[in-house]
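Chemist: In case you want the letters, here they are:
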Amino acid sequence: MAEEKQKKMAIISTKGTLDMAYPPLVLASTAAAMDVETIIFFTFYGVDIINKKKYDKLQVAPIGNPAMPSPVPMPNIIGILPGMTALGPIMMKNMIKGINWPTIPEFVDTCLESGVKMIACTPTLEMTGVKKEDLVDGVSVGGAAEYLDFALDANISLFI
Amino acid sequence: MAEEKQKKMAIISTKGTLDMAYPPLVLASTAAAMDVETIIFFTFYGVDIINKKKYDKLQVAPIGNPAMPSPVPMPNIIGILPGMTALGPIMMKNMIKGINWPTIPEFVDTCLESGVKMIACTPTLEMTGVKKEDLVDGVSVGGAAEYLDFALDANISLFI
Amino acid sequence: MAEEKQKKMAIISTKGTLDMAYPPLVLASTAAAMDVETIIFFTFYGVDIINKKKYDKLQVAPIGNPAMPSPVPMPNIIGILPGMTALGPIMMKNMIKGINWPTIPEFVDTCLESGVKMIACTPTLEMTGVKKEDLVDGVSVGGAAEYLDFALDANISLFI
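Protein chains in written order, with the numbering used here: chain A, 64 to 223; chain B, 64 to 223; chain C, 64 to 223.
Treat the hints with caution; some may be incorrect.
Identical chains share a label here; the pair holds if one copy fits it or two copies do between them.
What the hints assert, rightly or not - Below, in silico cross-link-like pairs of lysine-lysine (BS3-like), each with a Cα-Cα straight-line distance of 27 Å or less: (1) Lys-78 to Lys-195; (2) Lys-160 to Lys-78; (3) Lys-156 to Lys-70; (4) Lys-156 to Lys-117; (5) Lys-194 to Lys-160; (6) Lys-68 to Lys-117; (7) Lys-78 to Lys-117; (8) Lys-160 to Lys-195; (9) Lys-120 to Lys-194; (10) Lys-116 to Lys-194; (11) Lys-70 to Lys-160; (12) Lys-194 to Lys-115; (13) Lys-160 to Lys-71; (14) Lys-160 to Lys-117; (15) Lys-180 to Lys-71.
What the hints contain is simulated information worked out from the structure, not anything from laboratory work.
So here's chain A without its partners, still in its complex pose (with noise of 0.2 Å):
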């Protein structure tokens, strides 16, 4: 009676850009070595970070983002000339590099190795024509009633 719950976290991952692809794993790896029980259900275009064929060229656009850390101050115009798109992931990347972040396909694995269960949203999947082979192993398929299901009864829960 008096023991304790285990905890629960409850992740939604939504978004496909290298800088939002991040806190899902940063909060998940973490969690999990506190012992928390933790799920990421990844839908819309945050089904790229299980992605194999894209995980490792996530994008962040200058463009649109104002709040942008930027070392070297830029001009919206700037991000709309091609090819520039790439310029936010390579100031980003330098970035992550100065702290030693791991890569996002490393990250992937640390989280699947220490227990983070990952599961790819079967309407995404129809809607995008992504198949099960192109996904990092370990991941499984689901819909939101899966997602509910761990979710309703946990401590946690993020949409991100």
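On the provided structure of chain A, position chains B and C as indicated by the hints.
Modeler: Okay, now just chains B and C, sitting in the frame of chain A:
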């Protein structure tokens, strides 16, 4: 004493883009089908989702959205040509049609019919000049305190 | 035994745009007024909200933001002209003035005075070169584990 407590979910919906209009509606309708008492608090751009003048023509901007799944590769530059913003919703609508999802107006009705409570944020209405009569019938009006009252006792809280 | 447990809310604030700076501050100050113990964990671009060099000039980009309520219809193209990004905040500031909301610096102070605990993310500070002395007085510094410790026991967790 041993009766199970009514499960609850509280969603804050702040984005008025076509892609971010679906998650609150999918989650709320799925939760309602699982007998979860659900509210959606629409604030900031999210109010467009229940604004009868706007909810059938929500937009997706291809620009600044590098993670958007694009059947046709599309450089950022194209996103800024006049009229091109419309490309986003057309592609997305076709993808959604492919998996037979309802339109936003249909989905809002489905949620209301299945008992989801929808609340429009009072300060947002004042700030944008949207009137109560512009909102879908059945939507009520309230502030952050009303949301918090419900959410403090909910199993799942999400900010979308 | 029958005493009610202290209610808690844990917010993660990740966006440094003017529009997404308000939700954490509105929710936290409302919760504090309802005697809810509240923390805001500022990470990624969200750190700008408590950065004294930046928090009085947060930007809204009209571009890539098709859902922004625009008093004047504004094609996406205008958003990329140099200087035009400033249009977003001016329009938004006027709308906010219309409903008498405090400015961001005023709102941050109000939250701190009413007991909201504010934590800036250590890795974000390292990554962006922001110093502790750049932050508003009263803001502390911590990592994801500190956030999780609090959030695992909170009634509401939000990722903004």
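Chemist: Evaluate each hint against the coordinates.
Modeler: Each hint, compared with the structure:
Taking the closest pair of Cα atoms, Lys-78 and Lys-195 come within 27 Å of each other only inside a single copy of the chain (19 Å); across copies the shortest separation is 30 Å, beyond that limit. Both within a single protomer and between protomers do Lys-160 and Lys-78 lie at most 27 Å apart by alpha-carbon distance, with minima of 21 Å and 22 Å respectively. Taking the shortest Cα distances, Lys-156 and Lys-70 never come within 27 Å of each other, neither inside one copy (33 Å) nor across copies (39 Å). For a Cα distance limit of 27 Å, the shortest separation of Lys-156 from Lys-117 qualifies both inside one copy, at 16 Å, and across copies, at 23 Å.
Proximity of Lys-194 to Lys-160 under the C-alpha cut-off of 27 Å is restricted to the inter-copy arrangement: shortest distance 19 Å between copies versus 32 Å within a copy. Taking the closest pair of Cα atoms, Lys-68 and Lys-117 never come within 27 Å of each other, the shortest separation being 38 Å inside a single copy and 43 Å across copies. Taking CA atoms no more than 27 Å apart as the test, Lys-78 paired with Lys-117 passes in both settings, with 13 Å inside one copy and 24 Å between copies. In the homo-oligomer, the alpha carbons of Lys-160 and Lys-195 lie at most 27 Å apart only across protomers (21 Å), although the nearest pairing inside one protomer, at 31 Å, exceeds that limit.
For the identical chains of this complex, Lys-120 and Lys-194 are intra-copy neighbours only, at 18 Å inside a copy versus 30 Å across copies, given an alpha-carbon limit of 27 Å. For the homomeric pair Lys-116 and Lys-194, the shortest alpha-carbon distance inside one copy (11 Å) is at most 27 Å, but the shortest distance between copies (38 Å) is not. With identical chains, the CA atoms of Lys-70 and Lys-160 are never at most 27 Å apart, being 32 Å at best within one copy and 39 Å at best between copies. In this assembly of identical chains, Lys-194 and Lys-115 lie within 27 Å of each other by CA distance solely inside one copy; the values are 11 Å within and 37 Å between copies.
For a Cα distance limit of 27 Å, the shortest separation of Lys-160 from Lys-71 qualifies neither inside one copy, at 30 Å, nor across copies, at 35 Å. When the C-alpha separation of Lys-160 and Lys-117 is checked against a cutoff of 27 Å, the pair qualifies both within a copy, at 20 Å, and between copies, at 25 Å. Taking identical chains as interchangeable, the C-alpha atoms of Lys-180 and Lys-71 lie at most 27 Å apart whether they share a chain (11 Å) or sit on different chains (24 Å).
Checked against the numbered hints above, the structure violates hints 3, 6, 11 and 13; every other hint is satisfied.
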